[in-house]
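Participant: One letter stands for each residue in the lines below.
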Amino acid sequence: MICDHDVLVLGAGLAGMRAALEAARNGADVAIVTKVHPVRSHSNAAQGGINAALGEGDTWESHAFDTVKGSDYLADQDAVEIMCSEAPRDIVEFEHMGVIFYRGPDGKLGTRAFGGASQARTYFVGDITGQALLVTLYDQILKAGVRVYEEWFATTLLIMDGSCRGLVALEMLTGELHLLRSKAVIDAAGGLGRVFEPSTNALICTGDGYALAYRAGAPLMDMEMVQYHPTTLAGSGFLMTEAARGEGAYLLDRDGKRFLEKYAPSKMELAARDVISRAETTEIAEGHGIDGNVLLDCRHLGAEKILKRLPQIHEMALDYLGIDIIKEPCPVRPGMHYQMGGVKTDSNGATSVPGLYAAGEVACVSVHGGNRLGANSLLDTIVFGRRSGKASVEYARNVVALQGGEELLRAEQQRINDLLGRPYTGETHARLRLELATMMDQKCGVYRDEAGLEEALQKVLELRKRYERVAVGDKGRVFNQALEFVLELDYMLDCAEAIVRSAIVRKESRGAQARTDYPDRNDAQWLKHVLVTYRPGAQPVISYLPVTITQWKPEVRTY
Amino acid sequence: MQFTIEVGRYNPEGTYAPQAARVESYPPPWNASPPRHVQTYTVELPEHAVVLDALIAIREYQDESLAVRCACRSAICGSCAMWINGHANLACKSKLSEFTENGKTRVECPPSMPVIRDLIWDMGPFFAKHRNVRPWLEQKQPVPGPLEEYRVANESMEELIQEVSCISCGACLMDCESYAVNANFLGPQALAQAYRYAADPRDEITNERLRSYSESGGVWDCTHCYECVAQCPKNVAPLEQILKLRKMAVDAGFTNNAGTRHADAFANSVKHSGRLNELTLMPKSLGFNIVEQLRSIPSAINMMRAGKLPPLIHPVIPGIERIRTIFQRVGGRFK
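Chain order of the listed sequences is A and B. Heads up: the first sequence runs through residues -6 to 552, numbered per the numbering used here. Heads up: the second sequence runs through residues 237 to 571, numbered per the numbering used here.
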């Protein structure tokens, strides 16, 4: 089947649906392509809240400074200024759409404290903020009547005459490949957590959007900046929201001591995430943990506050560890959580490929730099989702619809047929993915060094070769998930290579990149972005871009 | 620990992996549904593992042709609702150790849902119901300015967290007794969302909503079986929201419907004679509707033939005054 639209949005999380809604409001014929139903998107896992300087006495400049400092000065300050100054309007708009935000006694929006912030400016709905935003936005998409191609998996972008003109997607229900043509594409396909094992991310976070844009020629920026969240549940690795610490929970070592006084004496449990994750890793390595974990202690918050403000993590600890956080501290450890880097865009979401826009976790504007502050990711999705939706429509107005693209559809069909025809050699997507992801966690985790990263690169290249022998263990057409997983693994290998190559070249420690062989931040040489550009059949090209500094000169970062 | 999993499998194309050869045919009540078979797998997993862990382990290391939807693994995304030992549940929230019966755990698509492949069912009808309750805010006028929120009490927002916690997994609809015999019923999930918007103080069209939710297929089609409350993995308790909607609708005056008449007939009969007059319940519920009244005659004849017709004489029980006192004390519509 061949379909034409003005704008196609890949992904139906917060960024994707916000972009689609904005495009629809601006009169475009917009459609969403998503590999899962919109409400299954991983935005629903964001628990704690969303930041904005909306309260009295708070200023967007203060929010912006906290964000820049949190980023270890790697964020582009012009982009941060846009995000933080537009945040209040976007939050209020979501309130008007129907999000049931927490209120203060005066009936106005109320806040909670969050890590790395100088003010309590995190707006929230219990500990299901992401879900509350996602379902409200989904309902808005229904109201606006936006077309959604549900459970369609994108296999490649359509590039014609150097600009992005749509994509090819596999309809899971029928196993058919379709060509979807458009004047512009917004890549909002989300994160890449599955490149790491363990990770807080869902099984669907396989880096599709990074690889699709990368293969289409758009550079990936700051990919070495992989966030480890300080509190993921022991064993399963599920996220235990930062809101727990925002509400006052402690992090304790095996002797019940709040060890952060050594690392972040003034902010303690509310320091930036990279700082706390390193502190925990150090404590655990020095033998002050319990079975590779530290303890998250919520007991002093009291049953009422826990059940009202943190019901989901209360339920999770109970379900998966049998621990009641009202009565016992809960073992947690740092776990891979978020990719700060991504497809390089300007502040309107435009990538270097004309017609290709990106927003949300997959994009790197860059507002998070070396380390994202908690509750800034939801904000990133709605601000830059909206901006890219608007910009893509303006771009599409001056573009003439093209015919063609059938040869790409045929080539993709051939590629899929070849994949399905591969004989079984013993290599499976699951084994390869697990090997890749556990290796990434070990060599490219909280602490890194040259030797480990070089080993990681060799391993990725070896896995890339072995990937050619992975067979698809299901030959059917209807919901052939094995085929989808094999295609996803291809994407993950691209992501892993970009992450490792970027981590190797950045010879300093900044934000989430903590190099034991280069323990200090080096502003003289490394106050710059690292970009990786794909070259067919050759090694990717590494290049650099200066960081945009507007108001805030880099300073020593302490909490 | 070793676990045995029985998976109800269906594949419209019949393309199973070679190792999927060992099959047995499906027992009733599946006779009417597409041909399926049971396949048994054994997996080695830690003691605290959940059903989804087993399904993923099977799909990754034993049989790549096993189809199952899943994403978050932590009861947030709502992908993996299925029948586990004959009741709706999330696979990621169900511990294998708790769901092992006679040495095995059985998972399958429920008979109430159209199966696509293996454990994947067509969610189209489910989401269509959601769409049909107008699940969005029709903003109360005047809308505050772009930097101003609606001023509402925190309690009125917290009251709705329970419904917003819904992850659209479909477990409630899977086991809904009313939906099983009446595909038009909006069902527990959609009606819980209906309440979420009807009870939002920022919504402009509460009355319009209550009118439409009172129509056929709406709140009065629920039979109070409590399956949705029992199966909901997020404690949304849809039935409770349906009861709240009924009260709101009746209070707003939407009483000209079979549901309200049925409830009224029920209460009036008990108030009058201390027990239910089943003979008049049906005609009273149908109201002044000659066609519907005539349509019920064949049933009445059948009941008479089977000796199931309620007694024609309906005596008042002794001590009726005390029952009427209860009605007085409770107050409300039946005082």
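Misleading hints may appear alongside valid ones.
[Unchecked claim] Below, a list of computed lysine to aspartate or glutamate pairs in the EDC-like style, where the Cα atoms sit at most 16 Å apart:
id : chain 1 : residue 1 : chain 2 : residue 2
1  : A       : Lys468    : A       : Glu169
2  : A       : Lys301    : B       : Glu391
3  : A       : Lys136    : B       : Glu374
Just so you know, these hints were derived from the structure itself, not from any lab.
Participant: Under the criterion that the straight-line Cα-Cα distance not exceed 16 Å, is the pair A/Lys468, A/Glu169 satisfied?
Facilitator: With a Cα-Cα distance of about 13 Å, the restraint between A/Lys468 and A/Glu169 holds, given a limit of 16 Å.
Participant: Between A/Lys301 and B/Glu391, is the straight-line Cα distance small enough, at 16 Å or below?
Facilitator: This hinted pair holds, its Cα atoms lying about 11 Å apart.
Participant: CA of A/Lys136 to CA of B/Glu374, is that 16 Å or under?
Facilitator: Between A/Lys136 and B/Glu374 the Cα gap is close to 10 Å, so the pair holds against 16 Å.
Against the hints set out earlier in the document, no violation occurs for any number.
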